[in-house]
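J.: Listed below, chain by chain, are the residues.
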Amino acid sequence: MAPTSSRRSSNSRRVQYSVFTGYVLATIGAVTGAVLLGLSLYNPDTMSGTRTVASDVVGPVGEASAEGRIAGQGFFESIGGYFRAGQQNADLKREVELARIRLAEAEDVKAENARLKALLCLSDSEVEPVAVTRLIGSTASSTRRFGYIGAGRSKGITVGMPVRSPRGVVGRVLEVGSSTSRILLLTDSQSVLPVRLASADREATAFAEGRGDGRIQIRLINLGINPLREGDVLVTSGAGGYYHPGIAVAIVSKVTSDGALARPISDPAATGYVSVEPIWQPEAVDSAAQPVEQSISN
Amino acid sequence: MERVDRNSRRDAYGSRINRTPSTTLVFLVPIISTMLASLVPVFFISGALPYIPPLGFMVLMSWCFVRPGIFPVWIGFPLGLFDDLFSGQPFGSAILLWSVAMIAIEIIEARFPWRNFLQDWLTLTGFLAVYIFATAILSGTDLDWPVLLALLPQILISIILLPVLARMVARLDRLRLTRFRTVR
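Order-wise, the sequence lines are chains A and B.
Counting in my numbering, the first sequence runs from 1464 upward without gaps.
Counting in my numbering, the second sequence runs from 2 upward without gaps.
Since the hints were derived computationally from the structure, they do not count as laboratory data.
It is possible that some hints are incorrect.
Said to hold, decoys possible - Some chain B residues flagged as far from chain A (calculated, every beta-carbon gap over 10 Å):
(1) 18
(2) 50
(3) 100
(4) 123
Stated by the list, open to error - Beta-carbon label-pair distances, calculated as ranges:
(5) B:134 to A:1616: 48 to 56 Å
(6) A:1483 to B:165: 52 to 60 Å
(7) A:1616 to B:10: 55 to 63 Å
(8) A:1534 to B:134: 34 to 42 Å
(9) A:1749 to B:111: 26 to 34 Å
As the list claims (entries may be wrong) - Computed list of chain B residues with no C-beta within reach of chain A, every gap over 12 Å:
(10) 77
(11) 147
(12) 149
(13) 175
(14) 182
All residues carry an ideal CB built from backbone N, CA and C; glycine is no exception.
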């Protein structure tokens, strides 16, 4: 038997009309979609209210799945730990010894740092995170790379706050709901982050731009001889005022003529907990948002 | 009275006497399953590539091919709207693409009423490839080679997953038509 939908009546007016109305409604739907799409490409905040309410609703499910994911990772890591345990143990002992020596040296540097900072009257306070939460989801089927975290307006989160894991930068808050927030991950193709090279003898400042395929394009600000090498670590420079300087961002995997390709250090999928930090220099962000004419006239 | 076969009055949907499918299930199962499938990719964390297939769209397409004519042509609007809330695409992308896909399916349905599963699979492969590239174009990213290449794994996974989803939808369809309600 042919499917019911293809057995259309040719003499029933009512059926003919309802088929026609269906097509008209579908076309109206498509056109409405196109208009909404145009609006939200022009102004990405369109419908953000509805979207945040929707993500608040599924937030609890995301919390549960995050819990499962983190537990699962621990489970597989502990199984993996049994393989090569002996060799690993010896290696780790050697590393710990070296690390103890380096730690003592670091203590000395820290003390010296504090003394010099006291001379310069710089205050150096630890950053107190606004909230510590979990990544509860991401847009895993879309080309855009957004993540969802399980804290929102009720925990004091505002748009623009940096999100980091113990390893390094994860992204930046983009939309805030009452109990969840949407964050722009580092790897999104619209994400740009000012970074510098974490090295004592070479200097480089650059922009880290997401490429959309999981890697990060490093674009140097000063063109000339490329100081980057494979394995270099890039940290936030603090320019722009959003991120506290010195947070690990990416590790260079391939040097190109105008910069490098890098891999993010903090993989969101391997991240258990993330902390949302306050905007480092809110004044700098505010002044950057102010139009030039206005700041001249003031 | 003796009966030769106890199951002679039953079929895949249960007893045929005195029973009828539940209207709620008949109506809600396709809609709810598509909405749930739209939600599933949210719970996967992927920082690098979009590797989870567009499950909402795939379940919608599977329903249309497993049980032709189950959805009215305009269903792309409400279901697409729900998908847009969670997909991370700019709002309106799924509304547009799902509506266009439904119209295209209606045309195929009218033109080729008799198809086998392989033909459906091939058609859906085309639909999915176009859909995934279209979502990338409409997502507001800067389209570069790396972004386009990064779509290929997702397209491949989607194509391989299609028969599995079609089977799952067929199971749901059986649940949908099971005669739960007693007629008096």
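J.: None of the hints should be skipped; say for each whether it holds.
T.: Structure-based check of each hint:
no.: 1; hint: 18; verdict: 23 Å, holds
no.: 2; hint: 50; verdict: 5 Å, violated
no.: 3; hint: 100; verdict: 4 Å, violated
no.: 4; hint: 123; verdict: 18 Å, holds
no.: 5; hint: B:134 to A:1616: 48 to 56 Å; verdict: 37 Å, violated
no.: 6; hint: A:1483 to B:165: 52 to 60 Å; verdict: 36 Å, violated
no.: 7; hint: A:1616 to B:10: 55 to 63 Å; verdict: 60 Å, holds
no.: 8; hint: A:1534 to B:134: 34 to 42 Å; verdict: 37 Å, holds
no.: 9; hint: A:1749 to B:111: 26 to 34 Å; verdict: 59 Å, violated
no.: 10; hint: 77; verdict: 6 Å, violated
no.: 11; hint: 147; verdict: 4 Å, violated
no.: 12; hint: 149; verdict: 9 Å, violated
no.: 13; hint: 175; verdict: 17 Å, holds
no.: 14; hint: 182; verdict: 22 Å, holds
Hint compliance for this structure: hints 2, 3, 5, 6, 9, 10, 11, 12 are not met, and every other hint is.
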